[in-house]
Amino acid sequence: MTDAPLTRADRRLQRRMRRFDNPWLNPKLLWGIGLLLGIVALGLIGRMLWNLDLVFTGSATLKLPPVGFENLRRQPGVWDHPLGTDGSGRDMLALIVIGAPNSLFVGLMASLIGMGTGIVLGFTAGFVGGRTDDVIRVLSDVMITIPPLLILVVFQSAFGDVSLTMMALLIAGFVWQSPTRLIRAQVLSMRQSGYVQMAQLSGAPTHHIMFREMLPNLVPYLFGSFIANVTTSIVTAVGLEVLGLGPQRIPTLGRTIYEAINAGALIQNLWWWWGIPTILLAVMFIGLLLINLGLDEVSNPRLRRLS
Amino acid sequence: MKLGKTVTLASALALLVTGALAQDVAREDTVIFDLDRTIKDPENFNWMTPGTKRMHGAHQAMWEPLFILNYGTGELDPWLGTEITPNATNDEWVLKIRQGVEWSDGEAFDADDVVFTVGMAISNEDISSREASTVRAQVASVEKVDPMTVKFTLTAPNPRFAVENFGVRIFGSFLIMPQHIWEGQDPATFAFYPPIGTGPYTYTSGATNRMIWDRNDDWWGAKAGFQDLPEPKRLIWLESGGAESRAQLMATNQMDAAQNVSVGTFEAISFQNPKVIAWHNGYPYASADPCARQLEINTTVGPWDDPALRRAVNHIIDRNQIVNVAIEGATVPSETMFVQYGSMAPYIDAVKAAGHGLSPTADVAAGQALIEAAGYAMGDDGIYEKDGEDLAVKIHVNSASTEYTKTIDVIVEQLNRAGIKASSVPVENGVFWGEVLPFGAYEMSYSWLSCGSVNEPWASMGRYTVKDVVPVGERSPGFNNTARWADASAEAYSAIVDQMANKALGDPDVPGMVAEAYAHLADGMPFIPLVQSAKLLPLNTTYWEGWPTNDNYYNHPFFWWNSTHQMIHNLTKAN
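Order-wise, the sequence lines are chains E and G.
Residue numbers for the first sequence, in numbering that gives the first Met the number 0: 0 to 306.
Residue numbers for the second sequence, in numbering that gives the first Met the number 0: 0 to 574.
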């Protein structure tokens with residue numbers, strides 16, 4: 000039987016079945032992670048190989064194009080600055096080596112804090128119930144109606160120059176509501192399940208039931224929600240940066256785009272100035288989207304069969 | 000914010016074009032000027048109080064000055080006034096008014112209006128615009144001699160009285176208001192809406208991003224034979240909202256005169272639209288603006304109340320890099336506080352000969368030595384610290400122009416690299432001029448407040464004397480000495496500058512006194528001169544010709560100044 004030659008269809012089926020043996024190894028997830036790791040690697044390897052002092056204002060000739068192109072003044076690109084320079088003489092490669100991981104960092108950090116808050120509040124509300132639940136529910140319902148960008152614009156303007164961490168903290172203040180509501184709903188339904196009731200009957204303390212018994216069952220949900228939150232946080236952060244409200248002296252992709260627009264890069268045809276950060280942001284969002292789709296397949300087996 | 004402005008601009012422009020069509024003024028009869036700021040209160044035309052009340056067309060199209068200083072000839076060109084002459088001691092001045100001038104409502108403009116407006120300014124402490132404050136400080140009394148003659152008696156002899164107050168030397172002049180409308184009103188709160196003036200245009204409509212003025216075909220100047228009616232039927236000042244949209248509007252002929260752009264942007268505009276010109280035909284294209292750029296330092300806030308640290312910052316700043324990076328080579332480093340016009344050369348040379356000239360390059364080691372002498376030590380993070388506190392400074396900058404923000408970005412970079420933790424605080428134009436600068440609500444800021452002198456030294460130097468010092472939180476009179484510089488060196492400086500005040504133009508003692516006073520200024524360093532100001536203003540010849548250029552030099556091209564009346568009368572329709 001095992002020696003019988005397999006038809007092409009059989010092989011394909013086998014490959015598919017093998018691939019789905021482990022749902023965590025689905026191609027969308029792998030590609031998504033690959034893209035994000037690529038950006039992290041760009042940051043890590045770039046920091047080792049490239050001269051990061053070139054990121055400072057006035058380090059090089061202004062407005063040089065990438066290698067192989069010419070700018071409006073007919074200056075060709077040079078290998079000293081392979082991706083060109085911006086209108087203040089900053090090297091584009093150094094800018095993205097530092098800036099791209101920064102944008103990802105703000106997203107991850109804001110999302111981690113938001114998720115952490117969401118997990119604690121969601122579990123507390125769902126499990127403890129009563130007055131506590133009322134307070135948390137009302138608070139998250141109210142907060143979810145407030146458009147974050149509007150408030151953040153005011154905050155950032157009032158703070159003036161903010162650090163990346165400060166910006167992540169501010170954004171985190173607007174990404175905890177969704178996980179809170181999601182987890183609360185899940186906890187409410189799980190509370191009735193047998194293993195939880197058993198744990199309660201055996202006198203396990205509340206935090207043990209919440210975090211040791213119930214939390215592991217929510218992991219795929221949490222991952223999905225986390226990735227969605229990272230996307231929201233990066234969009235918010237980039238939105239603020241493009242408005243010129245991000246950190247001043249720390250390079251980020253959003254701020255680079257803001258400076259390009261502000262200095263008339265479009266009319267001067269300095270496409271590399273705004274184009275390169277835009278491509279990197281696109282890669283980042285596609286990576287996050289793929290991870291999200293991949294995680295969906297992990298947590299929802301029906302999607303796997305359909306593919 | 001800029002992106003948002005670009006989007007709103009597009010819709011505003013669409014509305015505007017529809018509006019213009021509805022009122023039947025063709026594009027080729029309209030001149031569209033750029034406005035680089037938002038009009039906070041478009042229904043307030045009281046220019047004596049702070050805010051954008053003039054440069055949206057009010058003092059370019061509606062309110063005419065008495066005289067206009069011609070930068071080419073150095074003479075005062077007569078406008079509503081025909082002559083203004085001092086007595087032998089320069090403390091009494093007699094103004095003659097032009098015959099036949101009328102307000103746009105038909106009332107005659109005469110000595111009563113001048114006496115009334117000047118009287119209002121000198122008797123009212125609440126009105127605070129720079130021009131009103133200057134008149135209040137200089138004029139003791141004003142009287143009507145006959146309907147066409149006014150006599151001013153000054154508080155002290157002043158050989159520059161006419162050009163300082165009525166000559167549009169820098170930006171504006173003291174504007175005369177109609178007595179028949181302002182009488183009985185409180186000048187500190189009166190909105191003067193709808194406004195009237197004597198100019199050839201009257202107010203049509205306004206919003207926060209634009210102001211529209213239509214030609215008054217019954218203008219007095221044409222009837223009295225003073226000037227022909229100007230050719231444009233409509234003038235619009237439109238907020239363009241940043242370099243990118245400004246450039247697009249110029250390239251697509253939707254704007255006729257734009258505010259300052261970078262060399263690269265100008266090259267890109269003229270590449271797309273060869274009809275767009277500037278002051279010079281070739282690089283660097285720009286014209287010299289009389290307001291040299293500087294870093295203003297609040298001398299009351301520690302640690303910058305220590306003059307040694309202020310001098311350290313002066314050493315650390317590399318002016319050449321500011322020129323090359325922020326201004327793209329279109330200007331030159333400042334050698335002193337003064338504008339580098341030929342007429343200022345004797346004073347600049349005197350200061351340089353006395354050893355107080357500024358270096359175009361940095362001497363970081365000298366700056367660091369001063370910081371270390373003040374008790375600071377370099378920390379592990381490359382920033383100086385003393386008693387556990389970093390040596391830090393926040394620099395406020397008006398976000399209205401990339402020239403301003405880029406300059407401060409360069410300085411922030413230079414200071415950080417030398418060990419001072421500097422950061423920039425960009426603020427909106429209205430907040431910057433209305434709340435930050437005059438009230439001393441900053442540590443350092445980007446400004447040009449020593450601006451004033453164009454052919455003598457006193458106008459600039461007189462702005463930093465101790466008599467104008469007010470505590471932080473109170474408004475500096477006429478933006479004078481916003482650095483609040485009041486130590487011993489300031490006292491010594493002020494004593495010399497006060498002596499200079501009544502010296503006649505061209506007095507041979509003056510250069511020596513300038514150098515002597517400048518020694519104290521260099522010692523106290525209440526502000527750090529940076530670079531000369533170059534204005535690269537794209538002017539569109541698609542619809543209109545006759546713009547001021549170096550080859551057609553009837554005056555400078557600054558179309559947000561009160562002198563724009565001359566420009567409008569020189570514009571002719573392009574074929």
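Keep in mind that the hints are not guaranteed to be accurate.
[Claimed, not checked] DMTMM-like cross-link-like pairs, simulated, lysine to aspartate or glutamate; straight-line CA separation at most 25 Å:
(1) G:K385 x E:D160
(2) G:K351 x G:D227
(3) G:K232 x G:D486
(4) G:K420 x E:D52
(5) G:K420 x E:D79
(6) G:K393 x E:D295
(7) G:K393 x E:D52
[To be verified] To spell it out: a stretch of chain G is covered by chain E in this simulated footprint if at least three of its residues, at any positions, have a beta carbon under 8 Å from a beta carbon of chain E; those stretches are:
(8) 54 to 68
(9) 83 to 95
(10) 232 to 240
These aren't lab readings, by the way, just hints derived from the structure by calculation.
Each residue gets a CB set at the ideal place from its N, CA and C atoms; glycine is no exception.
So, going through the hints one by one against the coordinates:
1. Under the criterion of a C-alpha separation no larger than 25 Å, the hint pairing K385 of chain G with D160 of chain E is consistent with the structure, at around 23 Å.
2. Of the pairs offered as hints, the one joining K351 of chain G and D227 of chain G is violated, with about 48 Å between alpha carbons and a cut-off of 25 Å exceeded.
3. At most 25 Å may separate the alpha-carbon atoms for a hinted pair to count; K232 of chain G and D486 of chain G exceed this at roughly 55 Å.
4. Distance hint between K420 of chain G and D52 of chain E is fulfilled; the C-alpha atoms sit about 17 Å from each other, no more than 25 Å.
5. With a C-alpha separation of about 29 Å, the suggested pair K420 of chain G and D79 of chain E falls outside the 25 Å cut-off, and the hint is violated.
6. A distance of roughly 47 Å separates the Cα atoms of K393 of chain G and D295 of chain E; the hinted pair therefore is violated under the 25 Å criterion.
7. Pair hint K393 of chain G plus D52 of chain E holds up; C-alpha atoms about 23 Å apart against a cutoff of 25 Å.
8. Look at the region 54 to 68 of chain G against chain E: 0 of its residues bring a Cβ nearer than 8 Å to a Cβ of that chain, fewer than three, so the hint is violated.
9. Coverage of the region 83 to 95 of chain G by chain E is violated [criterion: at least 3 residues with CB-CB distance below 8 Å; count 0].
10. Here the region 232 to 240 of chain G counts 0 residues with a CB under 8 Å from a CB of chain E, which misses the bar of 3, and the coverage is violated.
Of the numbered hints given earlier, the model fails hints 2, 3, 5, 6, 8, 9 and 10; all others are met.
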